[in-house]
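Trainee: Those sequence lines, one after another, are chains A and P.
Those letters in the first sequence? Residues 1 to 256, by the numbering used here.
Those letters in the second sequence? Residues 1001 to 1337, by the numbering used here.
Since the hints were made in silico from the structure, they are not lab data.
There may be inaccurate statements among the hints.
[Said to hold, decoys possible] With a Cα cut of at most 27 Å, we get these calculated BS3-like pairs of lysine-lysine:
id, chain 1, residue 1, chain 2, residue 2
1, A, LYS49, A, LYS183
2, A, LYS49, A, LYS134
3, A, LYS114, P, LYS1198
4, A, LYS134, P, LYS1237
5, A, LYS119, A, LYS49
6, A, LYS119, P, LYS1004
7, P, LYS1239, A, LYS49
8, P, LYS1177, A, LYS134
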Amino acid sequence: MPEPAIFIEGLQFAYGTHRILHDIRLDIPHAEFSVILGRNGCGKSTLLKLMAGLLPIQNGRIRVCGNDLVTMSHSQRGEMIGYLPQMHSPTFPFTVEEVVMTGRASHVFLSPGKEDREKVFQAMSLVGLGYLSKRPYTELSGGERQMVMIARLLAQEPRVILLDEPLTHLDPANQARLLLLIKALIKRELTVLAVLHDPNTAFLFADHLFFLEEGSVYTPQDGREPWDPEVLSRVYGTSFESIPYKSRFLVIPGSD
Amino acid sequence: MKSKDRALALYLIPAPMLLLSLFIGPSDAVSPSDVLQWIGSGLGITAFPLIPENSIIDAVILEVRLPRILLAFMVGAAMTVSGNSLQALFRNPLVSQDILGLSSGAAFGAALALCIPRIPIQPAAFIFGLLAVGLSYFLARSRSQVSIVSLILSGIIVSGIFTALLTIVQFFTDPFKLQTIVHWTMGNLHHADWTRVKSAALPICTGMMWLLLIRWRLNVIALGDEEARAVGLNPEKEKIFILLPATLIASASVAVAGIIGLVGLAFPHMVRLLVGHDNSKTQPVSLVFGGSVLLAVDNCSRAFADFEIPIGIFTTLIGGPFFVYLLRQNRLNPGEK
């Protein structure tokens, strides 16, 4: 059994007195696609930000590829972990190419060189953005911006990729493109962990599923499958109906 | 690559501009052919015999025009590079040394040093400039966020406080020094001499060199704190190493030339209109553009009027309408609308 890409133990987190995460224990397996599901506000994004080093670890331990996150320098972390932030609009209308180039920050000493430009070019063609390279990022649609930020993540060349709701804003074609891209990254020995909203996408594409319930990891009891309506209704607090699809099940929320 | 060609063209401006400026000045004693001869002798081409008449020419060019030209270029370059860096750092195209209170802070520090003997001007300007920016920033900060509008508001307050303190200094100083201080706060290159050039050269060259070296990192910082952290940069650390040199070169300029209005705000916008938003380009272009344009403005003020109009008044009169134009064209892009 190889060491997990991410190993979390005893992780707690609170904003002030408001507790978000209680005693999380989680192994994210190496070179596989794992998905975290859970209600809005259950701490999914906080958990991801802690793994990405964007929030300080208050209690507990996170090890990434065998290294303790707390002891890593910013640039070591940048070379190991890539994080897709939820969207915001920047002030300056940088071109798409310039935005993707910022992904190289942990590799670049002062100014990006030829190798960095090649990586940026490759990353952009991988997500199918080549034609946008000179356009101002601020003029793009939400979905296009999301794809640009994914190209930036690829240009960064991390070993572990953390995606916070990567499918929002994307049309079905881009959703499919991103999911295929994730599969391709897994083949290249990368680890991908995503927070998703749609359980069906997770059932169809993920290698591993984790439920987060009020700041704790919830493991279904008695060998129940994740698509079991009872499991899902406990996690999401609404009823579900499951429909057989190929060898699995898909679910429809809100049906009695 | 239109913007690339434009950047290349801009790099070619300073040398002829500096040379041309030697010919301009209100003095009747020095004709253009005199200047040509002076330059020629410097290159060893023409003769420049040391007769009394020529020594006046030599003095005018070497002691009056040359330091003024260098000072105008340095101050223009420093204010533009610093303005561009501050705008990227605060992710706010409406920020400048004046708006952040940096200028009035540095002006207060320098005025204090003029009145109280034994306080050196440059360090005093830097310390109070830094203090003013720091105050504006921390007053605007709530929940580790600094919004565009609150930063401008807190800057206005801090700027007002230091302007009031400056007035107190003026109130208690003797009339002779008062005139110097008043002239100098208006933004003035009239008193340019080698002492001023030398006192400003070290801080301006060091700070500018640093800001040019880290120019690409400004792009990463300008995208956002979380975006910078996600790619392995520590934004807090990076910001300090942008803020310190940007404040250093701006307060060094204020210490020698007073508050030259709108240069730090308007010039970076003009640069971005010319070459785009990539700071790898805007930083070096800010240097050559800011230096050359302020020098050109100063040349006009020297050429057209027999009496000296402080250059700060000129730049404000030119920069004001330009900003109105930007505002009407909606090109200020203050982020989310």
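Trainee: Just to be careful, I want the Cα atoms of LYS114 (chain A) and LYS1198 (chain P) compared with a cutoff of 27 Å; is the pair within it?
Mentor: Violated: LYS114 (chain A) and LYS1198 (chain P) sit about 39 Å apart, past 27 Å.
Trainee: Keeping to a limit of 27 Å between CA atoms, is the pair of LYS134 (chain A) and LYS1237 (chain P) held or broken?
Mentor: Roughly 30 Å separates the two Cα atoms, so the pair is violated.
Trainee: Measure nothing beyond the straight line between the CA atoms of LYS49 (chain A) and LYS183 (chain A); if it is 27 Å or shorter, mark the hint as holding.
Mentor: holds (23 Å)
Trainee: Given the proposed pairing of LYS119 (chain A) with LYS49 (chain A), does the C-alpha separation stay at or below 27 Å?
Mentor: Holds, at roughly 25 Å.
Trainee: Given the hinted pair LYS49 (chain A) and LYS134 (chain A), is their alpha-carbon gap at most 27 Å?
Mentor: With a Cα-Cα distance of about 31 Å, the restraint between LYS49 (chain A) and LYS134 (chain A) is violated, given a limit of 27 Å.
Trainee: Hint check: LYS1177 (chain P) vs LYS134 (chain A), CA-CA at most 27 Å. Holds or violated?
Mentor: violated (55 Å)
Trainee: Is the Cα-Cα distance between LYS119 (chain A) and LYS1004 (chain P) 27 Å or less?
Mentor: holds (22 Å)
Trainee: Are the Cα atoms of LYS1239 (chain P) and LYS49 (chain A) separated by 27 Å or less?
Mentor: holds (21 Å)
When held up to the earlier numbered hints, the structure conflicts with 2, 3, 4 and 8 and fits the remainder.
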